[in-house]
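Trainee: Counting in my numbering, the sequence shown runs from 1 upward without gaps.
Since the hints were derived computationally from the structure, they do not count as laboratory data. A few of these clues could be false.
Said to hold, decoys possible - Pairwise CB distance ranges, derived in the manner of DEER restraints:
1) Leu-307 to Ser-256: 44 to 54 Å
2) Arg-229 to Ala-439: 50 to 60 Å
3) Ser-323 to Asp-422: 19 to 29 Å
4) Arg-339 to Thr-236: 26 to 36 Å
Given the structure is predicted, the values throughout are model-derived calculations rather than measurements. Where a beta carbon is used, it is the ideal one built from N, C-alpha and C, also for glycine.
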Amino acid sequence: MARVDVVMPQMGESIAEGTLSKWLKQLGDEVKRDEPLFEISTDKVDAEIPSPTAGVLTEIKVQEGQTVPVQTLVAVIETAQSAAATAPPSSAPAQPSKAAAAAPTPRPPDRPRPPSTAPVEGKSGDGGGETAEERLRRRSTPLVRKIAADHRVDIAAIPGTGFAGRVTKQDILGFIERGAPAPVPVSRLASPVPSGPVEHPAVEPWSGDRVEPFSKIRKITADHMIMSRRTSAHVTSFFEVDYTRVAELRRKHKASYAERGVNLTYLAFIAKACAENLRRHPVVNAAVSGDTIIYRGDVNIGIAVALEWGLIVPVVKHADELSLIGIARAINDLGERARTKKLLPDEIQRGTFTITNPGVFGSYAGAPIINQPQVAILGVGTIEKRPKVVTLPDGTDTIAIRTLGMVSMSYDHRIVDGADADRFLADVKRMLEDFPEGAI
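Modelling step: build the complete structure from the supplied sequences, incorporating the hints.
Mentor: The structure is reproduced here in structure tokens:
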């Protein structure tokens with residue numbers, strides 16, 4: 001018999017720890033190579049981790065709900081095949097299907113690395129005097145912290161592209177290469193963002209109630225939403241869109257898209273219209289850094305996906321460079337892999353604008369919370385046939401049945417004025433109502 005150690009994988013450069021959320025196999029169970037063994041939850045992604053070898057699960061070192069540093073031994077598998085003992089521990093979910101391979105290729109996750117000798121910051125229960133959002137931003141890799149120290153840069157003041165504004169290696173190197181001045185910490189700004197620990201007041205349960213602790217993804221989402229409301233001056237605009245033209249195009253082309261393995265949804269048209277217009281309205285595709293504005297060079301659209309265990313926002317990279325079928329394929333692929341816990345960490349980072357679609361559940365309209373450090377988020381209401389007054393060619397009015405829906409956009413009024421937001425929404429509305437055949 002040969003012993004194969006299974007460790008907590010590193011699911012990306014800035015991941016220092018993971019929570020073992022669920023064991024998919026029990027002690028004594030036989031497992032096949034690449035068969036899902038356990039689920040992990042990090043501050044970037046939930047994922048199923050496949051077994052590195054075939055054998056029998058003989059030891060479980062980390063229990064469900066425990067958070068441990070990467071490379072921590074979590075289990076032992078005994079196998080009769082000694083050759084399997086050399087199999088490296090898997091560090092990423094299974095690769096997407098052949099149909100999904102046509103989507104934009106993500107950067108593969110980093111290979112597992114030996115644990116750093118630097119202490120892991122911000123572990124569960126270690127709050128210190130920092131707020132939750134400050135801990136999220138400062139919990140960068142030892143390499144990022146070293147670069148920051150060498151260049152006398154305050155990490156907390158750099159606009160990060162990781163989850164909750166976390167600073168990645170690319171962020172800090174780009175900041176230094178641009179020759180940006182050393183940023184002033186938020187605590188020293190003239191008008192600082194309201195701070196303080198994110199508190200969720202305790203409520204006494206009643207007899208018969210069921211009490212469950214927050215999952216990791218729910219806790220992160222809750223803290224992130226509170227941080228966003230504290231950070232941005234939220235304003236929301238609402239527009240009604242006549243989707244009748246889009247509905248006709250879907251009926252016309254849906255079958256041909258399906259033959260190529262792509263589901264042509266209303267959301268694909270909406271994302272395409274946003275991608276085409278974000279270049280024309282750069283302030284909507286921006287971020288705020290202290291008292292400066294960062295106009296993003298890329299158009300990366302996040303698509304919020306509602307899961308049974310929480311909310312996640314995979315990102316369609318370089319959406320303005322994709323055709324309609326390319327955007328539709330990417331949305332299909334990312335959504336499916338979000339639901340099956342096959343997303344890679346890079347696929348939920350570097351978003352510049354977000355679309356959320358509560359209308360799929362029947363919601364008429366809503367006022368979504370901005371996904372930091374972005375400055376705008378589009379909400380899509382339910383799309384349905386309703387009566388509408390239309391003007392005929394002879395100038396007379398009549399009531400007709402049209403396919404209608406509301407779109408709303410919450411935006412950061414610190415840099416996005418109402419006129420900016422409404423001009424962007426008007427252009428998106430115009431494109432959807434007169435969608436060009438050549439863009440199909």
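Trainee: Are the hints correct? Go through all of them and say.
Mentor: Hints, verified against the model:
| no. | hint | result |
| --- | --- | --- |
| 1 | Leu-307 to Ser-256: 44 to 54 Å | 30 Å, violated |
| 2 | Arg-229 to Ala-439: 50 to 60 Å | 36 Å, violated |
| 3 | Ser-323 to Asp-422: 19 to 29 Å | 28 Å, holds |
| 4 | Arg-339 to Thr-236: 26 to 36 Å | 28 Å, holds |
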